[in-house]
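Enquirer: For chain Y, the structure is supplied; the task is to place chain W on it using the hints.
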Amino acid sequence: MKKYTDTGKQDTRSGFGAGLTELGRTNPNVVALCADLIGSLKMEQFIAENPERFFQIGIAEANMMGIAAGLTIGGKIPFTGTFANFSTGRVYDQIRQSIAYSDKNVKICASHAGLTLGEDGATHQILEDIGLMKMLPGMVVINPCDFNQTKAATIAIADYEGPVYLRFGRPKVANFTPENGSFEIGKGIMLNEGTDVTLVATGHLVWEALLAAEALESEGISAEVINIHTIKPLDEAIILKSVAKTGCLVSCEEHNHLGGLGESISRVLVKNTPVPQEFVATNDTFGESGTPAQLMKKYGLDSEAIQAAAKKVLIRK
Amino acid sequence: MESFVTQVRRDILRMVHKVNSGHPGGSLGCTEFISVLFQNIMERKPGFEMNGVDEDLFFLSNGHISPVFYSVLARSGYFPVEELNTFRLINSRLQGHPTTHEGLPGVRIASGSLGQGMSVAIGSALAKKLNKDSHLVYSLHGDGELQEGQNWEAIMYASAKNVDNYIATIDVNGKQIDGTTDDVLHMGSLKDKFTSFGWDVLEISKGNDIEAIVEGINEAKSRTGKGKPICVLLYTEMGNGVDFMMHTHAWHGKAPSDDQLENALSQNPETLGDY
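Protein chains in written order, with this note's numbering: chain Y, 13 to 329; chain W, 29 to 303.
This is chain Y alone, in the form it adopts within the complex (with noise of 0.2 Å):
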């Protein structure tokens, strides 16, 4: 299978950081906002650089989010930082009337999504963000995968017209796609070609899936493997192909499997082309305190659970 190498771990909220700090020297329009999780959303760069264009805003989430609004009625390009649970369920109303309804050209940035953050624990590890967001209509949904895609990620969506959710993470995770790569909203990449099981994933379990693939590969067992950065628009066409040849799918997803990837993939196979499919996803669960790596074996996120869906959802071909 096609070799990807992991080129050191980074987490992808210094992904974020990176692209926002470029975004400020090349962007004049863009301004952030934060509700006191400077460093957790590694926004000092971007600060330091454009002090006049930062605003702290204190622990006001929702304030964060309406002053956000108001700042693109004047051109600005604003991108809030705070933790995925506090851009998403505790400002869920705010973001809805003030930025989706209203169509206005906010970029929500979140970090610390998932259970990955770890040690702090349930109240902090929101498992349902996605699912808010992909409601919302209008709304873009985008969990990239290492620390390279998330900065091209960021810089890619301040060129985009309209509200954004972007979703990553604190942990250090494998960063293998390109260095100031290329990043196209809505557009899937094929990172591995294979004949007998898809396995589609979105934000660091695309790496998880990844190892996956090359396990099963030892065990005589073809795996395509796609990164879905973009949850929505989802790229339904390069799915669709991978299953008209592969017949079975596993999707994977830091997320609960209410409301996530794997429910917006099942729709799309079945109004085109029924297959088996397995949910590499939390079980309707609040996550808990612990290492990311704990995390992810406990709830069944990791290379380990992608191969066991994968074997299963073969048998049901």
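Nothing false has been slipped in among the hints.
No more than 20 Å apart at the CA atoms, straight line, and that leaves these computed lysine to any residue pairs for SDA-like:
| no. | chain 1 | residue 1 | chain 2 | residue 2 |
| --- | --- | --- | --- | --- |
| 1 | W | K157 | Y | N41 |
| 2 | Y | K310 | Y | G133 |
| 3 | W | K189 | Y | P63 |
Label-pair restraints from in silico Cβ distances:
| no. | chain 1 | residue 1 | chain 2 | residue 2 | range |
| --- | --- | --- | --- | --- | --- |
| 4 | W | M184 | Y | T135 | 21 to 27 Å |
| 5 | W | P133 | Y | Q306 | 54 to 60 Å |
| 6 | W | G253 | Y | D48 | 26 to 32 Å |
| 7 | Y | E316 | W | G281 | 55 to 61 Å |
| 8 | Y | K329 | W | P133 | 54 to 60 Å |
| 9 | W | S120 | Y | M147 | 22 to 28 Å |
| 10 | Y | A256 | W | I205 | 55 to 61 Å |
| 11 | W | D286 | Y | L252 | 57 to 63 Å |
| 12 | W | S285 | Y | P40 | 55 to 61 Å |
| 13 | Y | N39 | W | N291 | 57 to 63 Å |
| 14 | W | H214 | Y | M147 | 34 to 40 Å |
| 15 | W | L117 | Y | P40 | 39 to 45 Å |
| 16 | W | P133 | Y | D171 | 23 to 29 Å |
To give an idea of the chain W side of the interface with chain Y (calculated C-beta under 10 Å), a few residues:
| no. | residue |
| --- | --- |
| 17 | V81 |
| 18 | L85 |
| 19 | F87 |
| 20 | I137 |
| 21 | I150 |
| 22 | M184 |
Keep in mind that the hints were calculated from the coordinates and are not lab data.
All C-beta atoms, glycine included, are put in the ideal place defined by N, C-alpha and C.
Expert: Same frame as chain Y, but now just chain W:
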């Protein structure tokens, strides 16, 4: 100005009567204020651009008083007055609560879910500062609406960050859907609250008196640019201009019957021409 205000009252009454829904009470209470703001106070550019650079901006946070907003917008040239006839109908740009989604000129944000407008207004005031645009931002909020917590995040922010190109007006009519604001959730002194949050507070005790409004808002304008956001406490009478709609909260969200409409319109004779 009197004739403009009278015509807006007629528009409000006819709009809510036609669809037997909407919020006439608060609309009538703010008719003088919004009319004065658009006709006498705000520097507005012809046409409508969402970005609103080099002009004053207005945000309606208590979106349920959309009838008065739509009437004043139409009669200030943002869209044809005939379109008022489509209020709350299917396929209309004049939704029950204001929205940008249907592209109605003059509306810059959706409002209806309460308590969000002040944050948005502050954001646009910050954009004006970044753009070195010396024009002002105005907003209107219900007094009952201040029970929403997001307001207080915004109120704290605006003074802490010296958002002094912004005038927020509170429609103090003392009433909300379930009764008086004192009965529903007593808020104490709004003047003391805004003052303690670091705002410059100004009161217009005769909030339905055109001269008093002009004088009060001009005073508020003169206090901008001095480091503090400005709060105008506008004391109004809900249902003003229609005797049977005043001194009660009953007309917060209820339309008049045919007979009631006739009575109300007779108190407000046609001036600029009905739509």
